[in-house]
Amino acid sequence: DTGVSQDPRHKITKRGQNVTFRCDPISEHNRLYWYRQTLGQGPEFLTYFQNEAQLEKSRLLSDRFSAERPKGSFSTLEIQRTEQGDSAMYLCASSPRGRMNTGELFFGEGSRLTVL
Amino acid sequence: QKEVEQNSGPLSVPEGAIASLNCTYSDRGSQSFFWYRQYSGKSPELIMSIYSNGDKEDGRFTAQLNKASQYVSLLIRDSQPSDSATYLCAVVSGNTPLVFGKGTRLSVIA
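Those protein sequence lines, which keep their order, are chains A and B.
Heads up: the first sequence begins at 1 in the numbering used here, then just goes up one per residue.
Heads up: the second sequence begins at 1 in the numbering used here, then just goes up one per residue.
If you are wondering where the hints come from, they were derived from the structure by calculation, not from laboratory data.
There may be inaccurate statements among the hints.
[What the hints assert, rightly or not] Each computed DSS-like pair below joins lysine-lysine, with the alpha-carbon atoms no more than 25 angstroms apart: (1) K71/A with K57/A; (2) K71/A with K14/A; (3) K67/B with K102/B; (4) K57/A with K56/B; (5) K56/B with K67/B; (6) K11/A with K2/B; (7) K2/B with K67/B; (8) K102/B with K56/B; (9) K42/B with K11/A.
Build the full structure now, drawing on both the sequences and the hints.
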C-alpha cells in the first residue's frame with residue numbers, strides 16, 4: 001500500500017514533554033499538510049509544505065510547534081513542552097504534483113496525542 | 001477569518017431515503033468545494049468535488065453549488081446504513097489551504 005503513512009499512531013505523554021510525529025506522503029505528491037482535529041470538530045489547518053519549502057503556517061500555531069520536511073519527502077511535526085490542550089488527532093495529508101490550489105487531499109490515519 | 005458552517009446534526013434518515021447535507025461559506029471568492037466523509041475513528045476521505053455552479057452527480061451522490069448564495073449541498077440517494085458517518089464540507093479560497101467545516105453527523109436507520 002502506498003498511501004500516506006503516519007507514526008506513531010498513538011502517543012501518551014506527560015505535560016511538559018516533547019513529542020515528534022512523522023509523516024510519509026504518497027511518493028509522487030509534492031504538497032504535504034498537517035491538520036489537527038479534536039472531538040466534534042473538523043480538521044484545523046496547521047501548516048503545509050510544497051517540496052521542502054514551508055509555505056504557510058497557521059496563526060493558531062504557537063512557537064512550541066515546529067514542522068520540517070528536509071528533503072521534500074517525509075515530514076516531522078514536533079511539539080515542545082506539551083500542554084493538555086494539545087491533546088488531539090494530528091492528521092497528515094498530501095496532494096498530487098502539478099495541481100494548484102487543490103483541495104483533493106489524501107489523509108493518513110492520524111497520530112493521536114494524549115497529554116496527561 | 002474564512003469560515004465554513006455546517007449543522008452538526010445528527011441527521012437521521014431511514015434506509016432508502018435521500019439524505020440532504022448543507023454547508024455555507026463566508027468567503028465570496030472561494031472557488032473550489034469538497035465533501036469529505038469521515039467514519040468514526042478514521043481519517044477523512046474525499047467523496048465529491050465541485051467547482052462551478054449547478055449539480056454534479058457521481059453514483060448515489062450529488063453535489064450542488066450556488067455561489068451567489070454561498071451555499072453547497074450534498075445529496076445521498078438511496079441512503080444505506082454504511083453511509084452513516086460525519087460529512088465534512090471544505091472550501092479552497094485563492095492560495096489558502098483547505099478550510100473545513102465542523103461536519104454533519106449522518107445516521108441511516110435500517
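* Asked: Looking at the structure, which of the earlier hints fail to hold?
  -> Checked against the structure, the hints that fail are numbers 2, 4 and 6, while the rest are satisfied.
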